[in-house]
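Visitor: For this one, chain A is given, so just place chain B on it according to the hints.
Number of protein chains: 2
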Amino acid sequence: MKHLLVTAVAAASLILPASAEEPAPIPSPGEIAAAAPAGDWVAIAPSDLLVMELAPDAKGKPRRVVIQLMPAPFSQGWIGNIRKLAAAHWWDGTSVNRVQDNYVAQWGDATEKKVLPADLVTVPEQDYTVPAGQLVIHETPVRGATPSPHKPRGDGYAEFTRFSGGWPVAYDHGREWPLHCYGAVGVGRNMSPDTGSGAELYAVIGHAPRHLDRNIAVVGRVISGIENLSSLPRGTGALGFYEDEKERVAIASIRIATELPSADQPKFEYLSTESDSFVRYADARENRRDPFFIKPAGGADICNIPVPVRPVAAK
Amino acid sequence: MKHLLVTAVAAASLILPASAEEPAPIPSPGEIAAAAPAGDWVAIAPSDLLVMELAPDAKGKPRRVVIQLMPAPFSQGWIGNIRKLAAAHWWDGTSVNRVQDNYVAQWGDATEKKVLPADLVTVPEQDYTVPAGQLVIHETPVRGATPSPHKPRGDGYAEFTRFSGGWPVAYDHGREWPLHCYGAVGVGRNMSPDTGSGAELYAVIGHAPRHLDRNIAVVGRVISGIENLSSLPRGTGALGFYEDEKERVAIASIRIATELPSADQPKFEYLSTESDSFVRYADARENRRDPFFIKPAGGADICNIPVPVRPVAAK
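Chains A and B are the protein sequences, given in the same order. Just so we're aligned, residue 1 is where the first sequence starts under the working numbering, counting upward by one. Just so we're aligned, residue 1 is where the second sequence starts under the working numbering, counting upward by one.
Rather than coming from a laboratory, the hints here were simulated on the basis of the structure. Don't take each hint at face value.
Copies of the same chain are indistinguishable here, so a pair counts whether it falls within one copy or spans any two.
[To be verified] Straight-line Cα separation of at most 20 Å, EDC-like style, residue types lysine to aspartate or glutamate; simulated pairs:
| id | residue 1 | residue 2 |
| --- | --- | --- |
| 1 | Lys267 | Glu247 |
| 2 | Lys246 | Asp127 |
| 3 | Lys246 | Glu112 |
| 4 | Lys114 | Glu159 |
| 5 | Lys246 | Asp57 |
| 6 | Lys113 | Glu31 |
| 7 | Lys295 | Glu159 |
| 8 | Lys61 | Asp264 |
| 9 | Lys84 | Glu269 |
| 10 | Lys267 | Asp109 |
| 11 | Lys295 | Asp194 |
| 12 | Lys246 | Glu31 |
| 13 | Lys61 | Asp244 |
| 14 | Lys84 | Asp172 |
| 15 | Lys295 | Asp172 |
| 16 | Lys267 | Asp119 |
| 17 | Lys61 | Asp127 |
| 18 | Lys295 | Asp109 |
| 19 | Lys113 | Asp172 |
| 20 | Lys59 | Glu125 |
| 21 | Lys267 | Glu53 |
| 22 | Lys295 | Glu125 |
| 23 | Lys113 | Glu243 |
| 24 | Lys114 | Asp48 |
| 25 | Lys84 | Asp119 |
| 26 | Lys59 | Glu243 |
Fair warning: this is a prediction, and the values are worked out from it, not measured in the lab.
Bound conformation, chain A alone (with noise of 0.2 Å):
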């Protein structure tokens, strides 16, 4: 039964390559993105990528958490005070303070009292959404991720979502945001009106908790050591803190990519959202035709489509 289950969530799986063992003839999503031609990666700049280093675990294996920085036009605020935070070393020696299950990790100075580099910025809550189209219309909507008049699938959180630039992003009234989905980074705030400087941050690490958007911002998605963050004991505190200091997971760097040597820079590539590649990966996602599946689901939400994203091979 192991080996069969295989076939079942290879499929499922956007890093691992399908598996050899049942040659699909209808290709998996994760078959199909595999598949894709060079040309439809896009490689993610160095300076986009954010690169947490834990303390090592207590075999002493190195946890390397590796976050992509959302581009422009959102969140950019927030994510200017992280390279300002990142430049000055700022977290480093800081923690992970808090991990509630099925919720968020999250990670900052736990005294609440380190100074904050003088030149951070305040960002306003309009910032939380853009005005629509400043974005690349998708030309492609998926299914459940875009409104029909024939089938109205969709988003329980907005008029519509769909995908841009390689990230998935919702529309309402004219205003445009990115999602909680899993993996997400955003900021820790206080009550509003205080948005966060980007000092604390959090990922999520269970089921898109969507209810956040518009009220957090979202400054990137981990692309790689999710498992470094997801797999950390759960704090017993209320929400999930650790109660006990000691509990809690040292930072020993946070750093932008390109300040480490380039030997130790990781290179990741995420497949364009505006490739065909992607539109039969999605498709694939909204309707499994690989052979463990029975049912096809017929649409799929946007968080249960996420777009595959892989180390650069070494050349």
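Guide: Frame of chain A, contents of chain B only:
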């Protein structure tokens, strides 16, 4: 920032009491559930609880996982097999063999050689769903979870979804079925038409893989101790299988709660999905008006409206 972020998340938490730090003029979903009258809570029969005891963790801490088995009419053939396997103590000495990030934790006999009880039944594929009309209609459909001619929101995987008898269910083309939400427990299977015996089980530990609905049997949900599965190290083999058998997590026992000494039997209750309290709770999940929030979403996907479940307070 930490304490105030607590406010945001307390509202999203179902088990924890609401934060006492900033009394909310408008109650959060968690506060609404906590304030529900005793009569709105439904006790879960111990005969419907499957109790899995994993080997203690590295610090010797017990690791119990409590699973609520699904009531009729769903998945009863597989659940009958699961009751026989538990009665035979079949799982004792087996292990958790696979943990794939943002997907599932899976347990059973890693050797795939352990002889199954002779009286297990073979369940046909049509039993993944049931004919509509066997379930109580929820009087107050959740917006986004039921079709609306005025404001089409909805479900990407079905004509509509709703709550019935304490469980989220989907409807399409005259059939209804249970959902793969976070914590759902399903039956691993071989290639179709094999539907699995129930000996190989998995729990969802990531974003709802709803594409598995109607393709695999859902037999229950983890109602306590899911962190003992979701925080396990991810397997480094294909699809999260543990490559080294020493990585496997031993299962000491799996029992129906009625087989445990009464003092050791877990006691839980869920908030009736037919109660007014649940209607208010679900509305609050869709429209967060508690102080931290600025923009109520106006909807939610059904897997982001988890049915409140709590331990029964000792009398």
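Visitor: How would you label the pair lysine 84, aspartate 172 (within, between, both, or neither) given a Cα cut-off of 20 Å?
Guide: neither (32 Å within a copy, 51 Å between copies)
Visitor: Is the C-alpha distance from lysine 114 to aspartate 48 at most 20 Å within one copy, between copies, in both cases, or in neither?
Guide: So lysine 114 and aspartate 48 fail the 20 Å test inside a copy (25 Å) and across (50 Å) alike.
Visitor: One pair to classify: lysine 295 and aspartate 172, alpha carbons no more than 20 Å apart. Within, between, both, or neither?
Guide: between (31 Å within a copy, 12 Å between copies)
Visitor: Is it within, between, both or neither when you check lysine 61 against aspartate 244 at 20 Å Cα-Cα?
Guide: between (23 Å within a copy, 16 Å between copies)
Visitor: Up to 20 Å between alpha-carbons, please classify lysine 246 paired with aspartate 57: within, between, both or neither.
Guide: Classified as both; 14 Å inside a copy, 17 Å across copies.
Visitor: Indicate which option fits the pair lysine 61, aspartate 264 if close means a Cα-Cα distance not exceeding 20 Å: within, between, both or neither.
Guide: Close inside one copy (16 Å), not across copies (38 Å); limit 20 Å.
Visitor: Within a copy, between copies, both or neither: where do lysine 114 and glutamate 159 come within 20 Å Cα-Cα?
Guide: neither (41 Å within a copy, 52 Å between copies)
Visitor: My question is about lysine 59 and glutamate 243: at a cut-off of 20 Å on alpha-carbon distance, are they close within one copy, between copies, both, or neither?
Guide: between (23 Å within a copy, 16 Å between copies)
Visitor: With 20 Å as the alpha-carbon cut-off, assign the pair lysine 295 and glutamate 125 to within, between, both or neither.
Guide: between (43 Å within a copy, 11 Å between copies)
Visitor: When Cα atoms must be at most 20 Å apart, do lysine 267 and aspartate 119 count as within-copy, between-copy, both, or neither?
Guide: Cα proximity of lysine 267 and aspartate 119: none, with 30 Å in one copy and 54 Å across.
Visitor: If the cutoff is 20 Å on CA atoms, where do lysine 113 and glutamate 243 land: within, between, both or neither? Let me know, please.
Guide: within (18 Å within a copy, 44 Å between copies)
Visitor: For lysine 84 vs glutamate 269, is the C-alpha pair at or below 20 Å within one copy, between two copies, both, or neither?
Guide: For lysine 84 and glutamate 269, the Cα distance exceeds 20 Å both inside one copy (25 Å) and across copies (49 Å).
Consistency with the previously given hints fails for numbers 1, 2, 4, 6, 9, 10, 12, 14, 16, 17, 18, 19, 20 and 24, ordered from lowest to highest.
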